[in-house]
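Position chain D relative to chain B; hints supplied.
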Amino acid sequence: MKRIACIISIIFFTCAQAYAWDKNEARDNITNAQQQLNLVDNNIELKNFIPFGIYNDAVINLLNSRNSYNNRDYNSSYFYSSTSMVKLDTALLLAHARKIRSDMLQYERTYYKKRFDDTRGDVNVQALKSIISAGLNMKGRLFIATLTDSDLFKKGLLKLSKNGMQRLDAIAQVLTQYPEATLTIVGHTRSPDYKNYSQTKAGVSARYIIQKGISSKRIIVKGLGNKEVMDTPLGYRRISRTEFLISGTGI
Amino acid sequence: MPRKHFLFTIIILCVLCFSAPHLYSSDHSAEEVNNIITAVETKLLELKKSGAEDYAKEDLLEIERRISGSRELLKKDNEDQAYFEINIGKLYFKKIEARKQLFDAEIEYSELKNSLK
Numbered sequence: 313m314k315r316i317a318c319i320i321s322i323i324f325f326t327c328a329q330a331y332a333w334d335k336n337e338a339r340d341n342i343t344n345a346q347q348q349l350n351l352v353d354n355n356i357e358l359k360n361f362i363p364f365g366i367y368n369d370a371v372i373n374l375l376n377s378r379n380s381y382n383n384r385d386y387n388s389s390y391f392y393s394s395t396s397m398v399k400l401d402t403a404l405l406l407a408h409a410r411k412i413r414s415d416m417l418q419y420e421r422t423y424y425k426k427r428f429d430d431t432r433g434d435v436n437v438q439a440l441k442s443i444i445s446a447g448l449n450m451k452g453r454l455f456i457a458t459l460t461d462s463d464l465f466k467k468g469l470l471k472l473s474k475n476g477m478q479r480l481d482a483i484a485q486v487l488t489q490y491p492e493a494t495l496t497i498v499g500h501t502r503s504p505d506y507k508n509y510s511q512t513k514a515g516v517s518a519r520y521i522i523q524k525g526i527s528s529k530r531i532i533v534k535g536l537g538n539k540e541v542m543d544t545p546l547g548y549r550r551i552s553r554t555e556f557l558i559s560g561t562g563i
Numbered sequence: 648m649p650r651k652h653f654l655f656t657i658i659i660l661c662v663l664c665f666s667a668p669h670l671y672s673s674d675h676s677a678e679e680v681n682n683i684i685t686a687v688e689t690k691l692l693e694l695k696k697s698g699a700e701d702y703a704k705e706d707l708l709e710i711e712r713r714i715s716g717s718r719e720l721l722k723k724d725n726e727d728q729a730y731f732e733i734n735i736g737k738l739y740f741k742k743i744e745a746r747k748q749l750f751d752a753e754i755e756y757s758e759l760k761n762s763l764k
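Protein sequences, first through last, are from chains B and D.
The opening residue of the first sequence carries number 313 in our numbering; numbering runs sequentially from there.
The opening residue of the second sequence carries number 648 in our numbering; numbering runs sequentially from there.
Just so you know, not all the hints are guaranteed correct.
Derived DSS-like pairs (lysine-lysine); straight-line CA-CA distance at most 25 Å [what the hints assert, rightly or not]:
id: 1; chain 1: B; residue 1: Lys426; chain 2: D; residue 2: Lys760
id: 2; chain 1: D; residue 1: Lys747; chain 2: B; residue 2: Lys451
id: 3; chain 1: D; residue 1: Lys747; chain 2: D; residue 2: Lys737
id: 4; chain 1: B; residue 1: Lys426; chain 2: D; residue 2: Lys704
id: 5; chain 1: B; residue 1: Lys359; chain 2: D; residue 2: Lys747
id: 6; chain 1: B; residue 1: Lys411; chain 2: D; residue 2: Lys722
id: 7; chain 1: D; residue 1: Lys737; chain 2: D; residue 2: Lys696
id: 8; chain 1: B; residue 1: Lys411; chain 2: D; residue 2: Lys696
id: 9; chain 1: D; residue 1: Lys690; chain 2: D; residue 2: Lys737
id: 10; chain 1: B; residue 1: Lys335; chain 2: D; residue 2: Lys722
id: 11; chain 1: D; residue 1: Lys704; chain 2: D; residue 2: Lys651
id: 12; chain 1: D; residue 1: Lys764; chain 2: B; residue 2: Lys425
id: 13; chain 1: D; residue 1: Lys760; chain 2: B; residue 2: Lys425
id: 14; chain 1: B; residue 1: Lys441; chain 2: B; residue 2: Lys359
id: 15; chain 1: B; residue 1: Lys467; chain 2: B; residue 2: Lys539
id: 16; chain 1: D; residue 1: Lys741; chain 2: B; residue 2: Lys359
id: 17; chain 1: B; residue 1: Lys471; chain 2: B; residue 2: Lys507
id: 18; chain 1: B; residue 1: Lys524; chain 2: B; residue 2: Lys441
id: 19; chain 1: D; residue 1: Lys747; chain 2: B; residue 2: Lys411
id: 20; chain 1: D; residue 1: Lys722; chain 2: D; residue 2: Lys690
id: 21; chain 1: B; residue 1: Lys507; chain 2: B; residue 2: Lys539
id: 22; chain 1: B; residue 1: Lys467; chain 2: B; residue 2: Lys425
id: 23; chain 1: D; residue 1: Lys741; chain 2: B; residue 2: Lys539
id: 24; chain 1: B; residue 1: Lys451; chain 2: B; residue 2: Lys426
id: 25; chain 1: D; residue 1: Lys737; chain 2: B; residue 2: Lys451
Cβ pair distances, simulated, as ranges [said to hold, decoys possible]:
id: 26; chain 1: B; residue 1: Arg519; chain 2: D; residue 2: Lys704; range: 50 to 56 Å
id: 27; chain 1: D; residue 1: Ser762; chain 2: B; residue 2: Thr544; range: 17 to 23 Å
id: 28; chain 1: D; residue 1: Ser762; chain 2: B; residue 2: Asn382; range: 53 to 59 Å
id: 29; chain 1: D; residue 1: Glu753; chain 2: B; residue 2: Asn382; range: 41 to 47 Å
id: 30; chain 1: B; residue 1: Asn360; chain 2: D; residue 2: Leu708; range: 31 to 37 Å
id: 31; chain 1: D; residue 1: Glu719; chain 2: B; residue 2: Glu420; range: 50 to 56 Å
id: 32; chain 1: B; residue 1: Asn354; chain 2: D; residue 2: Ser715; range: 34 to 40 Å
Covered stretches of chain D (chain B as the covering partner; in silico rule of three or more C-beta atoms under 8 Å from a C-beta of chain B) [said to hold, decoys possible]:
id: 33; region: 681-690
id: 34; region: 695-703
id: 35; region: 718-732
Treat the hints as calculated values from the structure; they're not laboratory data.
C-beta: ideal position from N, C-alpha, C; glycine also.
For reference, chain B alone in the conformation it holds in the complex (with noise of 0.2 Å):
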């Protein structure tokens, strides 16, 4: 009797070892996840850029993992604090990249700016006014403007809106002036392009501006899909939208 008492103490006491191990691991991982998110917190250079979806579940990971601690579940919390651990440093990785992204944003913006303010005596700033009223962008010789389907169509409609039509009426105006000038339309998606959407809604607008006087040999119709991602101060992203390039102004 005397020696199965002594054992079962003895696997008590191992058991308990062990239990004790575990729940120093948990509390020391909860320690070091918490320094982690107040690092991060604290980052007052990436606050703006860090992707709030994985921020919110490596903090929903930190409390499961405090109350799997104090329900004595100490496996449990030793992996959601581990986890919350690991999404903590995804988090700051991609605020990084986005934060080199938008600078290369400013930085590409400033030199475009610096070279249209050294340039502007060569060409005539008052055409480029012009063109610019109309809602287009210069980028080196070309003319840009991007329009979201909502700037663009009817809310869920393959139909110009109001103001659409007066963007497009814009750019035409544009296209009447520059007799020589060509215009791209591309159509963008977000999601996978199945039933050739993109092109769809570049060829919508093609048949506005052509129904305006302009010749269709001037015009370029493209779909892209989602194949290709769009500039946002918050980096790139795919957004459902038509982009219209000119090229060919002379200036």
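Coordinates of chain D only, in the frame set by chain B:
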């Protein structure tokens, strides 16, 4: 030890076990964990082939460590912890993707600076 005390000890141990079932019960089967390990290994190989070692060597090593850790835990019949371990390893794929985005952005930025000089 009197018989009474012995029985009392046994009852206390039983109560402890029932009050903390997560200490001995297992929610995940060894087969399930093995399937996840195989999937993670396949993805790891693909990543290595695609040259991920250039920018995420440490993360790839961490995944390998998690795989071997998970296997060891499986050998000790600790399926739940093995499941946790391999799932933490799986999360590193997203981290590698993020690292790739950062790597690409850095290269593009330096290329842009060179091209717009």
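Checked hints:
Among the hinted pairs, B/Lys426 with D/Lys760 is consistent with the structure: their alpha-carbon atoms are about 14 Å apart, no more than 25 Å. Between D/Lys747 and B/Lys451 the alpha-carbon distance is near 28 Å, which puts this suggested pair outside the 25 Å criterion. For the given pair, D/Lys747 sits about 16 Å from D/Lys737 by alpha-carbon distance, which is consistent with the 25 Å threshold. Our distance criterion of 25 Å between C-alpha atoms is broken by B/Lys426 and D/Lys704, whose separation comes to about 41 Å.
Pair hint B/Lys359 plus D/Lys747 holds up; C-alpha atoms about 20 Å apart against a cutoff of 25 Å. For the proposed pair B/Lys411 and D/Lys722, the alpha carbon gap of about 45 Å is over 25 Å, so the pair is violated. For the given pair, D/Lys737 sits about 18 Å from D/Lys696 by alpha-carbon distance, which is consistent with the 25 Å threshold. Using a Cα cut-off of 25 Å, the hinted pair B/Lys411 and D/Lys696 is violated, with the two alpha carbons roughly 29 Å apart.
Between D/Lys690 and D/Lys737 the CA atoms are separated by roughly 9 Å; this keeps the pair inside 25 Å, and the hint holds. For the proposed pair B/Lys335 and D/Lys722, the alpha carbon gap of about 22 Å is at most 25 Å, so the pair holds. Between the alpha carbons of D/Lys704 and D/Lys651 the distance comes to roughly 61 Å, so the proposed pair goes past 25 Å and is violated. Under the criterion of a C-alpha separation no larger than 25 Å, the hint pairing D/Lys764 with B/Lys425 is consistent with the structure, at around 14 Å.
The hinted pair formed by D/Lys760 and B/Lys425 meets the criterion: a straight-line CA distance of about 15 Å does not exceed 25 Å. A hinted pair counts as satisfied when its Cα atoms are at most 25 Å apart, and B/Lys441 with B/Lys359 does not qualify at roughly 37 Å. A distance of roughly 23 Å separates the Cα atoms of B/Lys467 and B/Lys539; the hinted pair therefore holds under the 25 Å criterion. With a CA separation close to 20 Å, the supplied pair D/Lys741 and B/Lys359 stays within the 25 Å bound.
Proposed proximity of B/Lys471 and B/Lys507 is supported: the alpha carbons are some 17 Å apart, at most 25 Å. Between B/Lys524 and B/Lys441, the direct Cα distance comes to roughly 22 Å. Compliance with the 25 Å bound is thereby established for this hinted pair. Taking the CA atoms of D/Lys747 and B/Lys411, the gap is about 14 Å. The hint holds against a cut of 25 Å. Between D/Lys722 and D/Lys690 the alpha-carbon distance is near 23 Å, which keeps this suggested pair within the 25 Å criterion.
Of the supplied pair hints, the one linking B/Lys507 and B/Lys539 holds, its CA atoms being roughly 14 Å apart against a limit of 25 Å. Under the criterion of a C-alpha separation no larger than 25 Å, the hint pairing B/Lys467 with B/Lys425 is inconsistent with the structure, at around 35 Å. Taking the CA atoms of D/Lys741 and B/Lys539, the gap is near 21 Å; set against the 25 Å cutoff, the hint holds. Of the supplied pair hints, the one linking B/Lys451 and B/Lys426 holds, its CA atoms being roughly 12 Å apart against a limit of 25 Å.
At most 25 Å may separate the alpha-carbon atoms for a hinted pair to count; D/Lys737 and B/Lys451 exceed this at roughly 43 Å. Look at B/Arg519 against D/Lys704: about 54 Å separates their beta carbons, and that is inside 50 to 56 Å. Separation of D/Ser762 from B/Thr544 is about 21 Å and conforms to the stated range, judged on CB atoms against 17 to 23 Å. Distance hint check for D/Ser762 and B/Asn382: the Cβ-Cβ separation is about 56 Å, which falls inside the suggested range of 53 to 59 Å.
Separated by about 42 Å at the C-beta atoms, D/Glu753 and B/Asn382 satisfy the suggested range of 41 to 47 Å. The beta-carbon spacing between B/Asn360 and D/Leu708, approximately 32 Å, falls within the hinted interval of 31 to 37 Å. The hint said 50 to 56 Å for the Cβ distance between D/Glu719 and B/Glu420, and at roughly 51 Å that hint holds. Evaluation of the 34 to 40 Å hint for B/Asn354 and D/Ser715 yields a pass: the beta carbon distance comes to about 35 Å.
Only when three residues or more bring their CB closer than 8 Å to a CB of chain B does the claim for the region 681-690 of chain D stand; here the count is 0, and the claim is violated. Against chain B, the region 695-703 of chain D contributes 0 residues with a C-beta closer than 8 Å to a partner C-beta. That does not satisfy the three-residue criterion, and the hint is violated. Only when three residues or more bring their CB closer than 8 Å to a CB of chain B does the claim for the region 718-732 of chain D stand; here the count is 3, and the claim holds.
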